[in-house]
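> The primary structure of each chain is shown beneath.
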Amino acid sequence: MPETVTATSDIAVAPISLWRRGINSFATFASAAAVVVVLLPLGAVFGYLIYKGIGSINWAFLTQIPKPVGETGGGMANAIAGSAWILLIASTMGVPIGIGAGIYLAEYGRHRFGDVIRFTADVLNGVPSIVVGIVAYAIVVLSQGHFSALAGGVALAIMMIPTIARTTEEMLLLVPNTVREAAYGLGVSRWRTTLSITLRTATSGVITGVMLAFARVAGETAPLLFTAFGNQYWNWKINQPTAALSLQIFTYAISPFDEWHRQAWAGALILIVLIVVAVSAVRVVASRGMLKGAN
Amino acid sequence: MGVGIKVEKLNAWFGKTQALYDISMEAPANHATAIIGPSGCGKSTFVRCLNRMHETVPDARATGRVRIGELDVYNGTAAVQIRRRIGMVFQKPNPFPTMSIYDNVAAGLKLNGFRDHARLDEIVERSLQLSALWDEVKDSLRKKSGASLSGGQQQRLCIARALAVEPQVLLMDEPCSALDPISTGKIEELIFQLKEKFTIVIVTHNMQQASRVAEFTGFFLLGKLIELDKTEKIFTTPSDKRTEDYITGRFG
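So the protein lines, in turn, are chains Z and E.
In terms of this note's numbering, the first sequence is residues 5 to 299.
In terms of this note's numbering, the second sequence is residues 9 to 260.
A portion of the hints provided could be inaccurate.
Claimed, not checked - Cut-off 25 angstroms, straight-line C-alpha distance, at most; resulting in silico cross-link-like pairs (DMTMM-like, lysine to aspartate or glutamate):
{"no.": "1", "chain 1": "E", "residue 1": "Lys118", "chain 2": "Z", "residue 2": "Glu111"}
{"no.": "2", "chain 1": "E", "residue 1": "Lys152", "chain 2": "E", "residue 2": "Glu130"}
{"no.": "3", "chain 1": "E", "residue 1": "Lys146", "chain 2": "E", "residue 2": "Asp80"}
{"no.": "4", "chain 1": "E", "residue 1": "Lys14", "chain 2": "Z", "residue 2": "Glu185"}
{"no.": "5", "chain 1": "E", "residue 1": "Lys24", "chain 2": "Z", "residue 2": "Glu111"}
{"no.": "6", "chain 1": "E", "residue 1": "Lys205", "chain 2": "E", "residue 2": "Asp143"}
{"no.": "7", "chain 1": "E", "residue 1": "Lys24", "chain 2": "Z", "residue 2": "Glu75"}
{"no.": "8", "chain 1": "E", "residue 1": "Lys241", "chain 2": "E", "residue 2": "Glu16"}
{"no.": "9", "chain 1": "E", "residue 1": "Lys100", "chain 2": "Z", "residue 2": "Glu185"}
{"no.": "10", "chain 1": "E", "residue 1": "Lys24", "chain 2": "Z", "residue 2": "Asp119"}
{"no.": "11", "chain 1": "Z", "residue 1": "Lys56", "chain 2": "Z", "residue 2": "Glu75"}
{"no.": "12", "chain 1": "E", "residue 1": "Lys100", "chain 2": "Z", "residue 2": "Glu111"}
{"no.": "13", "chain 1": "E", "residue 1": "Lys152", "chain 2": "Z", "residue 2": "Glu185"}
{"no.": "14", "chain 1": "E", "residue 1": "Lys241", "chain 2": "E", "residue 2": "Asp30"}
{"no.": "15", "chain 1": "E", "residue 1": "Lys205", "chain 2": "E", "residue 2": "Glu133"}
{"no.": "16", "chain 1": "E", "residue 1": "Lys100", "chain 2": "Z", "residue 2": "Glu174"}
{"no.": "17", "chain 1": "E", "residue 1": "Lys232", "chain 2": "E", "residue 2": "Asp30"}
{"no.": "18", "chain 1": "E", "residue 1": "Lys205", "chain 2": "E", "residue 2": "Glu240"}
{"no.": "19", "chain 1": "E", "residue 1": "Lys151", "chain 2": "E", "residue 2": "Glu133"}
{"no.": "20", "chain 1": "E", "residue 1": "Lys146", "chain 2": "E", "residue 2": "Asp129"}
{"no.": "21", "chain 1": "E", "residue 1": "Lys118", "chain 2": "Z", "residue 2": "Glu75"}
Unchecked claim - To be clear about the criterion: a stretch of chain Z counts as covered by chain E if any three or more of its residues have a C-beta under 8 angstroms from a C-beta of chain E, and this derived list gives those stretches:
{"no.": "22", "region": "187-200"}
{"no.": "23", "region": "203-211"}
To be clear, the hints were calculated from the coordinates, so they are not data collected in a lab.
Nothing here was measured: the structure is a model prediction, and the numbers come from that model.
Positions of the beta carbon are idealized from the N, C-alpha and C atoms, including for glycine.
Given the sequences, and given the hints that come with them, work out the whole structure.
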């Protein structure tokens, strides 16, 4: 036996060659560089928005509606509220349907029909947003006879559903089957197990999926062009045309007025800040109930 | 009190593959019956048929008669009702990871609509005491997740969880195979005490374990029950040559 021991310790104390150490440092450096490349565009976008937009953000911008052309001042308060309103409508429809579809796919859809739904969801995910806007236009605007916040909400909901459904499915499938079996073994019914055990175990992942979908549609402009349409005034009615930040930014950015250009930059900055705030707020609230040692 | 188990002509399939052939046996109340046999012989499938967990696997089915006390398992009772009367402990500890220790133990009752909080506190404490975990976790019942415990503690937590619904029978599917000898010792000790209150069926790969904890032992081979007898007899003078070959280590 002593020989084996010596042999092992020989390997253990043998100096690591310069070549291997070099490779190690290079790999570490390369992955760190990749991180920088990933973060750089985000930092650049954010930095440029602050540089261009911060000057036009003031109390009036956040509380007033647009002034007529030629007058200075005014703000995007109605567009900020309109975006929040449309996103609320979209989430109310999209989140439950998306999560429900994800549950079906993960827990019941392990067959041909499930594959069809999965494929459909993936295709829907790749449909250009303007096409989704046309669909919402055909379904809601044409049947109602006018543009509305509801139509905008429907368009965004359609865009949220496939993302939420697929991430929910992935997250539920990550929950080990032994956890489901534990619940069945206690005499807990299948639907109860799905809602109270499987979905609950996957909560943080499902929330990530919802936030991803939310952040993605929050800045969408194309599907709102002929659904929510935009509005220069306040609107809280679900069946009336409604302003949205992205639409307002679009309109102002293509206008010939310098004042409007500055406001468009400010609007873009506000939009990004609001998305970051909303996503972080949900994260904080969701992590409240977490226990020590859980996941 | 535990009740006896009586199985008649139990057959089980996974899709087209038959896993159990005409199993008939009895496990007396308030005793431990061990099931031994080589891997893939149908031991786990057998215990999973007793509480109808077998049918939760897609394409799996079973026929035959299983009686747990007065309860006819495959006739006229819903599977969830059966499983509330029969506790199950699995091979790998499987606490609910996002629930506190307390909620893990209370899960079976809470999820089935039990709302009496004072009684629940009592039941959780009693179950954890029965599973010999109380002293180790009583200060962090609601603060720590079930997943934060060590493997051996997790398995005792799972036993407490199974006991909390007050079953009459406790099925254990290789409960110690993922545990170290000290934790195994604790769980075997536990099985000894639990016999006073429950009927136990324990699947095990470990023949020493069978001889330590069980009064009766059944030997399974290729989906058939070769013989079932007093543990002593199985390990000293088995009546079937195949049993003897297995326990003397000539195969399997």
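> Any hints from earlier that this structure breaks? Give me their numbers in increasing order, please.
3, 7, 21
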